[in-house]
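Trainee: Take the sequences, apply the hints, and build the full model.
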Amino acid sequence: MVRRIIGALGLLACAGILQGCSVLKLAYNQAPELAYRYLDAHLDFTSEQSVQVKARLQQLQAWHRQTQLPAYAGLLQQLQGQLSRDTTPTQACTVAADVRGKLDTLARQAEPLAASLAGSLDAGQLRHLAQKFAKDNAKEDAERLAGNPEARQEKRLQQALERAERLYGPLNNAQQALLARRLEQSRFDTRLSFAEKQRRQRDALATLQPLAGGQASPEQALAAVRGLAERALVSPDPAYRAYLDQLGQDNCQAFADLHNSTSAAQRSQAVGTLRAYMQDIQTLSARKS
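Numbering of the sequence shown is given in this note's numbering, commencing with residue 971 and proceeding in unit increments.
In short, the hints are calculated from the structure, not lab data.
Simulated pairs of lysine to any residue, SDA-like, Cα-Cα distance not exceeding 25 Å: (1) 1109 with 1095; (2) 1102 with 1177; (3) 1167 with 1207; (4) 995 with 1048; (5) 1167 with 1008.
Mentor: Below you can see the structure in the form of C-alpha coordinates.
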(Lines of atoms letter the chains of each structure in order from A and count residues from 1; the text may use other names and numbers.)
(Lines give C-alpha, C1' and ligand atoms only; values in the text may rest on other atoms or scores of the structure.)
Protein backbone atom coordinates (compact mmCIF):
# COMPACT_ATOMS: atom_id res chain seq x y z
CA MET A 1 0.00 0.00 0.00
CA VAL A 2 2.70 2.48 1.00
CA ARG A 3 4.77 1.33 -1.96
CA ARG A 4 1.98 2.15 -4.43
CA ILE A 5 1.35 5.57 -2.95
CA ILE A 6 5.05 6.19 -3.41
CA GLY A 7 4.96 4.85 -6.94
CA ALA A 8 2.15 7.10 -8.04
CA LEU A 9 3.59 10.27 -6.55
CA GLY A 10 7.30 9.59 -6.96
CA LEU A 11 7.63 10.59 -10.59
CA LEU A 12 11.32 11.20 -10.16
CA ALA A 13 12.91 13.56 -12.60
CA CYS A 14 15.64 11.14 -13.61
CA ALA A 15 12.96 8.62 -14.55
CA GLY A 16 11.62 11.16 -17.01
CA ILE A 17 13.83 9.64 -19.69
CA LEU A 18 11.20 6.92 -20.00
CA GLN A 19 8.44 9.28 -21.10
CA GLY A 20 7.91 12.40 -23.14
CA CYS A 21 7.83 15.71 -21.31
CA SER A 22 4.11 16.32 -21.79
CA VAL A 23 3.41 12.81 -20.49
CA LEU A 24 5.57 13.48 -17.44
CA LYS A 25 3.65 16.64 -16.57
CA LEU A 26 0.28 15.03 -17.20
CA ALA A 27 1.13 11.96 -15.13
CA TYR A 28 2.45 14.02 -12.24
CA ASN A 29 -0.61 16.25 -12.14
CA GLN A 30 -2.85 13.18 -12.16
CA ALA A 31 -0.80 11.25 -9.59
CA PRO A 32 -3.23 11.69 -6.65
CA GLU A 33 -6.12 10.41 -8.76
CA LEU A 34 -4.06 7.51 -10.11
CA ALA A 35 -2.97 6.58 -6.59
CA TYR A 36 -6.55 6.78 -5.36
CA ARG A 37 -7.81 4.52 -8.15
CA TYR A 38 -5.13 1.96 -7.47
CA LEU A 39 -5.85 1.90 -3.74
CA ASP A 40 -9.61 1.79 -4.27
CA ALA A 41 -9.29 -1.16 -6.67
CA HIS A 42 -7.37 -3.04 -3.98
CA LEU A 43 -9.31 -1.96 -0.88
CA ASP A 44 -12.83 -1.05 -2.08
CA PHE A 45 -13.17 2.17 -0.08
CA THR A 46 -16.28 3.29 1.73
CA SER A 47 -17.62 6.76 0.91
CA GLU A 48 -16.04 8.20 4.04
CA GLN A 49 -12.68 6.60 3.31
CA SER A 50 -12.77 7.90 -0.26
CA VAL A 51 -13.16 11.51 0.86
CA GLN A 52 -10.38 11.21 3.43
CA VAL A 53 -7.93 9.40 1.15
CA LYS A 54 -8.41 11.83 -1.73
CA ALA A 55 -7.80 14.79 0.55
CA ARG A 56 -4.67 13.25 2.08
CA LEU A 57 -3.27 12.33 -1.32
CA GLN A 58 -3.71 15.91 -2.50
CA GLN A 59 -1.88 17.12 0.61
CA LEU A 60 0.90 14.63 0.01
CA GLN A 61 1.37 15.79 -3.55
CA ALA A 62 1.35 19.45 -2.50
CA TRP A 63 4.19 18.68 -0.07
CA HIS A 64 6.05 16.76 -2.77
CA ARG A 65 5.60 19.51 -5.35
CA GLN A 66 6.84 22.26 -3.06
CA THR A 67 9.64 20.49 -1.19
CA GLN A 68 10.91 17.68 -3.43
CA LEU A 69 10.60 18.74 -7.06
CA PRO A 70 13.25 21.48 -6.77
CA ALA A 71 15.77 18.80 -5.79
CA TYR A 72 14.78 16.73 -8.82
CA ALA A 73 15.39 19.73 -11.06
CA GLY A 74 18.80 20.10 -9.44
CA LEU A 75 19.58 16.45 -10.11
CA LEU A 76 18.63 16.86 -13.76
CA GLN A 77 20.91 19.86 -14.06
CA GLN A 78 23.76 17.84 -12.59
CA LEU A 79 23.07 14.96 -14.97
CA GLN A 80 23.26 17.26 -17.98
CA GLY A 81 26.89 17.93 -17.15
CA GLN A 82 27.61 14.23 -16.67
CA LEU A 83 26.01 13.24 -19.98
CA SER A 84 28.22 15.61 -21.94
CA ARG A 85 31.29 13.47 -21.17
CA ASP A 86 32.24 9.86 -20.55
CA THR A 87 30.89 8.26 -17.39
CA THR A 88 31.63 5.27 -15.16
CA PRO A 89 29.47 2.55 -13.57
CA THR A 90 30.18 4.13 -10.19
CA GLN A 91 28.79 7.47 -11.32
CA ALA A 92 25.68 5.78 -12.70
CA CYS A 93 25.15 3.88 -9.45
CA THR A 94 25.56 7.10 -7.47
CA VAL A 95 22.60 8.57 -9.34
CA ALA A 96 20.57 5.43 -8.63
CA ALA A 97 21.39 5.71 -4.92
CA ASP A 98 20.26 9.35 -4.97
CA VAL A 99 16.93 8.24 -6.43
CA ARG A 100 16.52 5.60 -3.72
CA GLY A 101 17.14 8.25 -1.09
CA LYS A 102 14.39 10.41 -2.54
CA LEU A 103 12.01 7.45 -2.50
CA ASP A 104 12.80 6.90 1.16
CA THR A 105 11.96 10.54 1.92
CA LEU A 106 8.66 10.19 0.11
CA ALA A 107 7.90 6.95 1.94
CA ARG A 108 8.37 8.66 5.29
CA GLN A 109 5.96 11.42 4.33
CA ALA A 110 3.35 8.90 3.15
CA GLU A 111 3.44 6.84 6.35
CA PRO A 112 0.84 8.84 8.35
CA LEU A 113 -1.64 8.54 5.48
CA ALA A 114 -1.06 4.79 5.24
CA ALA A 115 -1.29 4.31 9.01
CA SER A 116 -4.56 6.23 9.24
CA LEU A 117 -6.01 4.28 6.34
CA ALA A 118 -4.89 0.94 7.79
CA GLY A 119 -6.76 1.61 11.03
CA SER A 120 -10.00 2.29 9.15
CA LEU A 121 -10.03 -0.96 7.16
CA ASP A 122 -12.38 -3.81 7.99
CA ALA A 123 -12.10 -7.58 7.56
CA GLY A 124 -14.00 -7.51 4.28
CA GLN A 125 -11.57 -5.03 2.77
CA LEU A 126 -8.62 -7.19 3.78
CA ARG A 127 -10.26 -10.17 2.07
CA HIS A 128 -10.79 -7.99 -1.00
CA LEU A 129 -7.10 -7.07 -0.93
CA ALA A 130 -6.01 -10.71 -0.68
CA GLN A 131 -8.27 -11.65 -3.59
CA LYS A 132 -6.94 -8.77 -5.68
CA PHE A 133 -3.37 -9.85 -5.00
CA ALA A 134 -4.18 -13.43 -6.03
CA LYS A 135 -5.90 -12.32 -9.23
CA ASP A 136 -3.10 -9.98 -10.25
CA ASN A 137 -0.46 -12.60 -9.46
CA ALA A 138 -2.16 -15.20 -11.62
CA LYS A 139 -2.32 -12.76 -14.53
CA GLU A 140 1.29 -11.67 -14.12
CA ASP A 141 2.52 -15.24 -13.81
CA ALA A 142 0.77 -16.20 -17.04
CA GLU A 143 2.21 -13.19 -18.87
CA ARG A 144 5.66 -13.83 -17.43
CA LEU A 145 5.71 -17.38 -18.76
CA ALA A 146 4.10 -16.59 -22.12
CA GLY A 147 6.21 -17.41 -25.17
CA ASN A 148 9.66 -18.96 -25.30
CA PRO A 149 12.77 -17.56 -23.57
CA GLU A 150 14.09 -16.14 -26.85
CA ALA A 151 10.87 -14.20 -27.43
CA ARG A 152 10.91 -12.82 -23.89
CA GLN A 153 14.54 -11.77 -24.30
CA GLU A 154 13.74 -10.05 -27.58
CA LYS A 155 10.91 -8.16 -25.90
CA ARG A 156 13.29 -6.97 -23.17
CA LEU A 157 15.75 -5.84 -25.82
CA GLN A 158 13.12 -3.85 -27.69
CA GLN A 159 12.02 -2.17 -24.48
CA ALA A 160 15.62 -1.29 -23.63
CA LEU A 161 16.18 0.12 -27.12
CA GLU A 162 13.08 2.27 -26.88
CA ARG A 163 14.18 3.71 -23.55
CA ALA A 164 17.71 4.41 -24.78
CA GLU A 165 16.51 6.04 -27.99
CA ARG A 166 14.15 8.33 -26.08
CA LEU A 167 17.26 9.75 -24.48
CA TYR A 168 19.93 9.58 -27.19
CA GLY A 169 17.96 9.31 -30.41
CA PRO A 170 18.50 6.41 -32.87
CA LEU A 171 21.23 3.92 -31.92
CA ASN A 172 23.54 2.53 -34.58
CA ASN A 173 24.03 -1.19 -35.20
CA ALA A 174 27.09 -1.44 -32.95
CA GLN A 175 25.26 0.24 -30.08
CA GLN A 176 22.25 -2.02 -30.50
CA ALA A 177 24.56 -5.05 -30.45
CA LEU A 178 26.26 -3.73 -27.31
CA LEU A 179 22.91 -3.38 -25.57
CA ALA A 180 21.90 -6.89 -26.64
CA ARG A 181 25.13 -8.34 -25.22
CA ARG A 182 24.63 -6.58 -21.93
CA LEU A 183 21.09 -7.91 -21.64
CA GLU A 184 22.29 -11.43 -22.36
CA GLN A 185 24.89 -11.10 -19.59
CA SER A 186 22.45 -9.55 -17.12
CA ARG A 187 21.48 -11.50 -14.01
CA PHE A 188 17.87 -10.30 -14.32
CA ASP A 189 15.53 -13.07 -13.13
CA THR A 190 11.76 -12.62 -13.30
CA ARG A 191 11.27 -15.50 -10.86
CA LEU A 192 13.16 -13.72 -8.11
CA SER A 193 11.35 -10.44 -8.72
CA PHE A 194 7.98 -12.20 -8.70
CA ALA A 195 8.82 -14.07 -5.49
CA GLU A 196 9.81 -10.79 -3.81
CA LYS A 197 6.55 -9.19 -4.92
CA GLN A 198 4.62 -12.04 -3.32
CA ARG A 199 6.67 -11.67 -0.13
CA ARG A 200 5.72 -8.00 0.05
CA GLN A 201 2.07 -8.90 -0.41
CA ARG A 202 2.15 -11.44 2.40
CA ASP A 203 3.95 -8.90 4.56
CA ALA A 204 1.30 -6.27 3.81
CA LEU A 205 -1.57 -8.60 4.73
CA ALA A 206 0.14 -9.74 7.92
CA THR A 207 0.91 -6.14 8.91
CA LEU A 208 -2.57 -4.79 8.17
CA GLN A 209 -4.49 -7.57 9.92
CA PRO A 210 -3.83 -6.41 13.53
CA LEU A 211 -4.29 -2.75 12.56
CA ALA A 212 -7.70 -3.06 10.89
CA GLY A 213 -10.76 -1.84 12.72
CA GLY A 214 -8.75 0.50 14.92
CA GLN A 215 -7.31 -2.36 16.99
CA ALA A 216 -3.98 -0.54 17.40
CA SER A 217 -3.13 2.89 18.73
CA PRO A 218 -2.07 5.56 16.22
CA GLU A 219 1.51 5.19 17.42
CA GLN A 220 1.43 1.41 16.97
CA ALA A 221 -0.12 1.76 13.51
CA LEU A 222 2.52 4.26 12.41
CA ALA A 223 5.34 2.05 13.65
CA ALA A 224 3.88 -0.99 11.87
CA VAL A 225 3.43 0.89 8.60
CA ARG A 226 6.94 2.31 8.88
CA GLY A 227 8.34 -1.19 9.21
CA LEU A 228 6.30 -2.34 6.21
CA ALA A 229 7.61 0.54 4.10
CA GLU A 230 11.19 -0.16 5.12
CA ARG A 231 10.85 -3.84 4.21
CA ALA A 232 9.32 -2.86 0.86
CA LEU A 233 12.24 -0.58 0.02
CA VAL A 234 14.92 -2.88 1.47
CA SER A 235 13.99 -6.56 1.40
CA PRO A 236 14.67 -8.59 4.56
CA ASP A 237 15.69 -11.48 2.29
CA PRO A 238 19.53 -11.42 2.08
CA ALA A 239 19.53 -13.49 -1.11
CA TYR A 240 17.21 -11.02 -2.83
CA ARG A 241 19.25 -8.06 -1.61
CA ALA A 242 22.39 -9.66 -3.01
CA TYR A 243 20.62 -10.30 -6.31
CA LEU A 244 19.38 -6.71 -6.46
CA ASP A 245 22.87 -5.37 -5.77
CA GLN A 246 24.31 -7.52 -8.56
CA LEU A 247 21.55 -6.49 -10.93
CA GLY A 248 22.15 -2.85 -10.09
CA GLN A 249 25.83 -3.23 -10.89
CA ASP A 250 24.93 -4.88 -14.20
CA ASN A 251 22.61 -2.00 -15.07
CA CYS A 252 25.17 0.65 -14.12
CA GLN A 253 27.82 -1.07 -16.24
CA ALA A 254 25.42 -1.38 -19.19
CA PHE A 255 24.49 2.29 -18.99
CA ALA A 256 28.12 3.41 -18.77
CA ASP A 257 29.12 1.21 -21.71
CA LEU A 258 26.28 2.48 -23.87
CA HIS A 259 26.81 6.12 -22.94
CA ASN A 260 30.54 5.95 -23.61
CA SER A 261 29.77 4.61 -27.10
CA THR A 262 27.59 7.58 -28.02
CA SER A 263 28.57 10.33 -30.44
CA ALA A 264 28.74 14.04 -29.68
CA ALA A 265 25.40 14.49 -31.44
CA GLN A 266 23.75 11.78 -29.35
CA ARG A 267 25.11 13.29 -26.14
CA SER A 268 23.89 16.70 -27.20
CA GLN A 269 20.42 15.26 -27.74
CA ALA A 270 20.52 13.58 -24.32
CA VAL A 271 21.48 16.87 -22.66
CA GLY A 272 18.66 18.63 -24.48
CA THR A 273 16.20 15.96 -23.42
CA LEU A 274 17.15 16.31 -19.77
CA ARG A 275 17.04 20.10 -20.04
CA ALA A 276 13.45 19.88 -21.27
CA TYR A 277 12.54 17.57 -18.38
CA MET A 278 14.20 19.97 -15.94
CA GLN A 279 12.13 22.83 -17.29
CA ASP A 280 8.98 20.76 -16.90
CA ILE A 281 9.93 19.89 -13.33
CA GLN A 282 10.52 23.57 -12.59
CA THR A 283 7.10 24.41 -14.06
CA LEU A 284 5.45 21.73 -11.94
CA SER A 285 7.28 22.94 -8.84
CA ALA A 286 6.17 26.53 -9.39
CA ARG A 287 2.50 25.55 -9.29
CA LYS A 288 0.88 26.03 -5.90
CA SER A 289 -1.60 23.16 -6.31
